[in-house]
Structures are given as C-alpha cells and as structure tokens.
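Asker: For reference, the chains in residue letters:
Number of protein chains: 2
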Amino acid sequence: MLWIRSKSLLKEHVQGFRRQGKSIGLVPTMGYLHEGHEKLMQVARRENDVVVLSIFVNPTQFGPLEDFAAYPRDLARDRRVAEKSGVDLVFQPDKEEMYPTPLEVTVEAGRMETVLCGRSRPGHFRGVLTVVSKLFHLVEPDRAYFGQKDGQQLALIQKMVEDLDFPVEIVPVETVREEDGLAKSSRNVYLTEEERRVAPELYRALSWGKAHWQDALYTSDPARLVHEVEKRLQAVPLFRIDYVELVTYPDLKAVTELREDQTFMLAAAIYLGKARLIDNVLFGGVSERNR
Amino acid sequence: MLWIRSKSLLKEHVQGFRRQGKSIGLVPTMGYLHEGHEKLMQVARRENDVVVLSIFVNPTQFGPLEDFAAYPRDLARDRRVAEKSGVDLVFQPDKEEMYPTPLEVTVEAGRMETVLCGRSRPGHFRGVLTVVSKLFHLVEPDRAYFGQKDGQQLALIQKMVEDLDFPVEIVPVETVREEDGLAKSSRNVYLTEEERRVAPELYRALSWGKAHWQDALYTSDPARLVHEVEKRLQAVPLFRIDYVELVTYPDLKAVTELREDQTFMLAAAIYLGKARLIDNVLFGGVSERNR
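Chains as they are written, first to last, in my numbering: chain A, 78 to 368; chain B, 78 to 368.
Okay, chain A solo, but in the shape it has when bound (with noise of 0.2 Å):
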C-alpha cells in the first residue's frame, strides 16, 4: 500500500494508473477510520481495480467555534483499517499541501446549501464541495464512495457532479450503525459513557417518523410528523436539537405533502455533550434503492 503526501507524487500514480487503464475508486475521509469507511472501501474494492483513499481534516469545512483542532486523529490505526481493507493508495496531504495558496475560487451550492446543517455551519458545505472538487481533479477517480449518513452532503455531491459534469461515478452506501442503531461516527468518541447510552435515541425517533409517515394524519400535514419526531428527542434531557427537517430527496425542497412516488429524507442533528450527532431516514419513492 502506497502513503503518499505530496500533490505531484500522487498526480504521477494517477497517470500510470490511467496509462495502464486501471480503473480509480476513490474512498474520501477525514480519517479516524470506523466501520462505515470499512464498509465504503470494501464497495470500492470490488467494483475498482485501484482504490484510493484520502485522508484530510479539511479545514474549510469547519466553522470558527467547531471542532476542527479536536477532531479525532489516530493514523497508525488509519493504516491498519486501510490495509486490512485492500487499499492501493492513501494520500493524506497536509493542509499547506491542499492549500498553498489563499483559496480564491470556491465550489458554492446556493439554495441546497442553506437547509439542514447548511442554516447552522454556513460555509461548511463550500468547504466540502470545494475540497472534493480538488480530490476529483488530483484522483480522477471513476467512482467515489459516500455514506449515507452524511445524506445532505452526498445530495450536495450527486448534484455537483450532475450541475459541472465530472467525468465520476457517485456511489451512495448505507449507513453502518451499532447494533443499539446509532450510527457510525468519528465524533462518537467524544461521547461520555452516559451520552453513549442516550445517543441511539436519536435514530430510534427518525425511525419511528419513517414507521409511521404514511399514516392519514400526517400525508397531509407532514409539519406534525416533524413535531412528533422534535418531541421524542426532546424527552431525552441530554439532547440539545439543532434541527429536524423533511425535505425531498435529492433536491432538499420543503415539503408540503407525503407522496408515495417521491422520496423524502427526515434529517436531524443534536448537540450530546461534546458532540454534535446527525442522522436521516429515507422514505417513499425510490428510498428503498439507497436503503
């Protein structure tokens, strides 16, 4: 397995990898590696002849007041998970590497950009377009990995491919959970053994919204399913809620009626202690194909 750091090493891998007509899987991360980027490069391993993972904490993606300095890093145990999952080659630049220079253009989302955790970490989803952006260019990958879990970012994703025609693949993976149901996450770690214990309350109240979406008394007031979904987590006295919000999916717009033949994502994000925690659930139309 290759661990390369520099732009121009890794720029030369990517041509002898075309050159020779290998195709790119591309696994992006902030490292920290869990059981969902396992499961993310074990996709990509079958469906690549090269797999690549980076490994960056970008920190353009994170707001003044966020964790960037104490997200968690651990890249000895990085290597180990990347190895054992059969990936060619890690690059994981530092930032002087990404951004030499003070960063001018940027990759911008507009609307879709101002719903979810959009409206609380404004210029988050810059950061992360634009570094995927440059991911793409640097890798050409002719697949990329994306959770679920993160289902605003990959919409985000779909439609920048789709919106500036990147010549790549966006392959969306389920969310890999912890047997209780809370989903895989660096930023668990940050979580006491008490929070821990409360923590799967989150997915259980997005999990009884997609039991119960298509009962007659919310299709037509999808408002009240949210209330519902908003006074579950707030029967956990540790949850602070920075949202909850059902949106169409993938296009993130306000709904005002539960269809059958669309497909709405019920997305929340809590402050528990340290940690702010997000998670979704789709339902309706297509749903069943991502699920």
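Hints were generated in silico from the structure; no laboratory data involved.
Just to be clear, a hint being listed does not mean it is correct.
It does not matter which identical chain is used: a pair holds within one copy or between any two.
[Said to hold, decoys possible] In silico DSS-like links for lysine-lysine, alpha-carbon gap of 25 Å or less:
| id | residue 1 | residue 2 |
| --- | --- | --- |
| 1 | LYS330 | LYS287 |
| 2 | LYS330 | LYS351 |
| 3 | LYS99 | LYS84 |
| 4 | LYS226 | LYS88 |
| 5 | LYS88 | LYS99 |
| 6 | LYS116 | LYS99 |
| 7 | LYS308 | LYS351 |
| 8 | LYS172 | LYS99 |
| 9 | LYS88 | LYS287 |
Given the coordinates of chain A, assemble chain B onto it according to the supplied hints.
Answerer: For chain B alone, kept in the frame of chain A given last:
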C-alpha cells in the same frame, strides 16, 4: 472534422482519444470566430494531438440587460474557420444540453470577481467559471487556450485551475489586433462606421499608460496614471467609460505603488454605441512573457 452536439457522444470521443494516449487541446469560444480565435486554434494545433473547439453562447454569463439574444452567431462561417484551422472536433451544444436541470452548484471567485468587469457585470464570472468547469470535465483537455484580451477572465481561470487542482494547463495567447490597434472581438460587429473609426482610441489610451507608467510622476501615485488614461478616454465624444482600473496581475489586487518587480494590468471598458468594448495592457515584472 467532427461536429458534435451531445455530451454523451462527446464523452465517447474523449474516451477514445484518451485510450489512444492522445493529448487534447481545448479552445472554448462563444462562436462568431475571428482572428483572435484563429490564433488560439493555431497554438492549440501546434501543441496537441487533438484540437477541440467548443462553441456555446453561455446564457448564465450574461446579465438580464446584456446582449445574450443579440450576440452575433454564424455557424456556417465558424465551421469553415474551424476546418481551415485544423480543428478535429467541434462541440456545439444547445442550452438544454448544457443545462438540463436548474443549476444549483456553481463556481465562484470571491474577491477577484468583484473588480474590473466583475463590478459592472455581477454574476458574469460565476457564469464563466461554471461553464468552463463543465467544459473541462466534458473534454478533459491537457491544455486550454484563452486570449489575454479577456485579462480578468484569464486570471480567474488560472486561479480556478490552481485552487481546484484541475489537471489542465492554461495557455494564455496574446491579443490579436486590427492594424489600427483595436482588439479583435465578436462585438466589434455592433459598431457603426463612425464608432469603428474612434474605437482604437481605447487601446491608444491604454498604450499611453503602458508607455508612461515608469515616469516618476506615476510610480508613487498610480491613481494619477489611471486618471490620465481616463482623461484620454473622456476626450473621445462617443465613449462612455465603464471603468479604467490598474491592478496587480494575475492576482488583481489594488495598486498603491508601481514597482519594477511586479506585473500590472491596466484595463478599461467603454460603451460605444451598442457595444461594450474591453481591452488591457500588461507591464512590469514578467509581463513580457505574456505579451
């Protein structure tokens, strides 16, 4: 010469070129080709195995009061010029092909987009950078050719390639001029005979600035140089000045002092009858490399 109107067919050809290990040079244009474009195609022909010319009058880079509908078009002539210039493939999509769904994701240039033409054409460079990103992803060129006449556009595209790590080399090509100095432009066709006669005064005024920038009077007071150029433009009764601006090149920053070791761009835009004409001169530092 291939003439292609669909993205999917274009991509098939691009994949074919790449499989054969052929280098691709892209000349992006809005058509109505003139000698400036011919120069771009000549240079591209010399440096690449395959030359792709794109012709697309991009609606998203025109403001609501601008000349999108009136922009001159002559595809029959463009075909002859492209053929004569040794172009291998013309990509000429319509706007439904380029923008099949409402655009949400765009490429933006922040500060560099707010000076010069960007100030009087809000949204223009967002449109330019977004469509150029699309063309780069569709054509996957090794090199792309842009005229120095659109100096801010060139600087922005170079910065975009740098900031987003596009795997493409931007090749600047010097401005082609009429014998009397007027820069070749598709928009010159808007000029009446009388307007055409005075149009070269734009370049003459900028050239005066380039000839005098090292005068002691101006090196410590660049605003005075700009003012002198402005006076010369104001002296032409048919001209209405949009802006005269002096900036560092290629970072487009304000100039407080004229120093030998820096490159500067003195640029202006004027309204002349139905046309809005732009031009610029570079001087100082490494400018000779570009001119």
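Asker: Now look at each hint and say whether the structure bears it out.
Answerer: Now the hints, each set against the structure:
1. Taking identical chains as interchangeable, the C-alpha atoms of LYS330 and LYS287 lie at most 25 Å apart only when both belong to the same chain, with a minimum of 18 Å there against 53 Å between chains.
2. Proximity of LYS330 to LYS351 under the C-alpha cut-off of 25 Å is found in neither arrangement, the shortest distances being 30 Å within a copy and 42 Å between copies.
3. Taking the closest pair of Cα atoms, LYS99 and LYS84 come within 25 Å of each other both inside a single copy (20 Å) and across two copies (23 Å).
4. For a Cα distance limit of 25 Å, the shortest separation of LYS226 from LYS88 qualifies neither inside one copy, at 30 Å, nor across copies, at 32 Å.
5. Both within a single protomer and between protomers do LYS88 and LYS99 lie at most 25 Å apart by alpha-carbon distance, with minima of 14 Å and 18 Å respectively.
6. With identical chains, the CA atoms of LYS116 and LYS99 are at most 25 Å apart within one copy only, with a shortest distance of 22 Å there and 37 Å across copies.
7. Proximity of LYS308 and LYS351 under a CA criterion of 25 Å is satisfied intra-copy only: 22 Å inside one chain copy versus 62 Å between copies.
8. Taking the shortest alpha-carbon separations for LYS172 and LYS99, neither the intra-copy value of 29 Å nor the inter-copy value of 34 Å comes in at or below 25 Å.
9. For a Cα distance limit of 25 Å, the shortest separation of LYS88 from LYS287 qualifies neither inside one copy, at 44 Å, nor across copies, at 40 Å.
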